[in-house]
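From first to last, the protein sequence lines are chains H and S.
The C-terminal position of the first sequence is numbered 49 in the numbering used here, with every residue numbered one higher than the one before it.
The C-terminal position of the second sequence is numbered 1072 in the numbering used here, with every residue numbered one higher than the one before it.
Fair warning: there could be bad hints in the mix.
[What the hints assert, rightly or not] Derived SDA-like pairs (lysine to any residue); straight-line CA-CA distance at most 20 angstroms:
1. H:14 to S:743
2. H:14 to S:661
3. S:630 to S:600
4. S:753 to S:600
5. S:630 to H:7
6. S:739 to H:7
7. S:730 to H:24
8. S:661 to H:28
9. H:14 to S:710
Hints listed in this document are in silico derivations from the structure and should not be mistaken for laboratory results.
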Amino acid sequence: MSDSPVNKYQITLSDESKERIAKVLDYSKTIAHYGFIPFVLYLGWSSTSNKPSLFNLLSPFPSA
Amino acid sequence: MYSYMEYLQKCFNKTTNWNEDNIFSNITASSEALLEFPIPNGLKMEASSKATEFSASSLTLSNYHSINGSLAYLYSSVPLKNTMGTKEISLQDAIAGFRILEPSFTTSKRKINKSFSKSSLLYGRMYFPGSALEAMIIKRFSDQTQFLIKCISNPHMDKSGTMIIYFQQNRPKYSREIIYSTNDSLLGIRWLYNFGTSDNLTSLNSTLIPKFDNSVISVGSELWYAARTMSPGFSSAFRYSTRSTSTGKPLTMTLAVNPILGHLSSTYTVKTSVASTFSSKYDFNFFSYASNLSLGFEFYNYSKANSSFINGEINSSSEENKHLRELAGNHHIQASTIPFRPHASITNHDQNSLIINPIQNYDNYYHINPNLLPQNAHGSGNTGHGESGGTRNRTRTGIGAGIGAGIGAGRNKNKKNVHLESVTTAFQNLVNDSDFSSVLKVSSSLNDRMIKLLWEGRVKDFLVSTGVKLSLNPATNTPEFNRFGITFSYAC
């Protein structure tokens, strides 16, 4: 009865799960960091009708 | 000089009818381009290419401190068809300069035959060594609203990065933004309001609306609150942009106030001719009474007369000149005293091409470009009134008569509008169509006692940017080099 709504809905986490969440966040950050540019490349590749080769897509130099 | 990725982003905005000048942070863009242009530091090289119409890549290498570089990739859901490589890009598009502002109903009157409501742009750049990532995502929700997310992520830093999220609404009448940055939990609201324009004008026939004198008045302000440090921020700005009625030369003045820091900044920027712009800025702090006067100008050099236009190719990607590309083959191009890509209305009358400026000093008399007179106004459908009949065609008129023509035409409001419109559009077309090979920018600040010189231009197929910043050492009073560098960029 005396429980305030704040206490009622507060989630208590064990140290272990806190650690796990931190780890998951850390991993997702790394994936987003290194996966962003491949994702940009994939979007560019998939929206073109004549699928260019990977080399064409990656190379910043004009292809002959 | 814009990097290739910045240029592509501008092309994306242009294609999707997103008006960048309507955003509060760009309210002083014209004077900033003339006074606060960046000077390259060290040697830098940039090679870019557009692999497909939807993706582009760019590699930069620089030797500042140590050899470092970056690799960037861009994806756009809208095909970027009208982009140009460094070989054929017009310098007006490649270099930040004076921005000619137009009332929103003239810019929005272009028929939008395609909706870009779901378009998006993704951009990622990885720096090495260190593998820091710079990312940007633009996601359009409707034609006038978008999310913009910018992010920097560095795995080698304690706080591994920062992110800033913009929610932007950009309508002809106003624009507003809500901004959140993870850095200090910064929250911001920015808005800009345009006077004298209306949202529902797009539904009307825009030719029925008098254009007045092409002036735009904008007022905007921003409000910031850093939740972590509980510190507020506020600034407000006013911009007035108009055209000279006789020559059609555009000018922009701005006034920005930050009452919290007590800072007041006023700028005046005018395009003095087709190839030159002048800007001045006066800063004043009403708490410390410190003041500063900055002056800057840019001067464009025309490329040699044997420009590639003669060969049937047009060095321009400006929206206005699209039709010129189609017309180029059909028109006989007459070599003129200065090289420029003539506008269709001028090329129609080959015999008049000697008079290029709206009012030009030619054989010691001032001539009005006959194409600009009401009876010849391109597409106006009106015949001129009796006074300015065919006799003015290439007759000698003093400058007084030139002004008189403007006043005379003013008796009839419609005809005056046609006249003003033709003069301003003629000047604007000249600015857009001129084929420049290089630009020299000079800026100086009295209080900081420094001078900046920047030269940007086309060398072979490269765009080269080189500059130096010189300042007087306040202690020893000797001049010293602050910055010096050169940038080569190639794109195709």
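Query raised in the report: Given the hinted pair residue 661 of chain S and residue 28 of chain H, is their alpha-carbon gap at most 20 angstroms?
Result: Holds. Residue 661 of chain S to residue 28 of chain H sits at ~17 angstroms (cutoff 20 angstroms).
Query raised in the report: Given the hint that residue 630 of chain S pairs with residue 600 of chain S, does the C-alpha gap stay at or below 20 angstroms?
Result: Given that 20 angstroms is the threshold and the Cα spacing comes to 23 angstroms, the pair is violated.
Query - Proposed proximity, residue 7 of chain H with residue 739 of chain S (alpha carbon, max 20 angstroms) - result: Holds: residue 739 of chain S and residue 7 of chain H sit about 14 angstroms apart, inside 20 angstroms.
Query - Pair hint outcome, residue 630 of chain S versus residue 7 of chain H [Cα-Cα no greater than 20 angstroms] - result: 40 angstroms, violated
Query raised in the report: Given the hinted pair residue 14 of chain H and residue 710 of chain S, is their alpha-carbon gap at most 20 angstroms?
Result: Distance ~16 angstroms between residue 14 of chain H and residue 710 of chain S Cα, so the pair holds.
Report task. Compare the distance between the alpha carbons of residue 14 of chain H and residue 661 of chain S with 20 angstroms, and conclude whether the hinted pair is satisfied. Result -> Roughly 35 angstroms between the alpha carbons, so the hint for residue 14 of chain H and residue 661 of chain S is violated.
Report task. Below or equal to 20 angstroms on CA atoms is what counts here, so check residue 753 of chain S against residue 600 of chain S. Result -> 14 angstroms, holds
**Report entry** Pair hint outcome, residue 14 of chain H versus residue 743 of chain S [Cα-Cα no greater than 20 angstroms]
**Finding:** With Cα atoms ~13 angstroms apart, residue 14 of chain H and residue 743 of chain S stay inside 20 angstroms; holds.
Query raised in the report: Is residue 730 of chain S close enough to residue 24 of chain H, meaning Cα to Cα at most 20 angstroms?
Result: 16 angstroms, holds
Comparing the model with each earlier hint shows violations of hints 2, 3 and 5; every other hint is respected.
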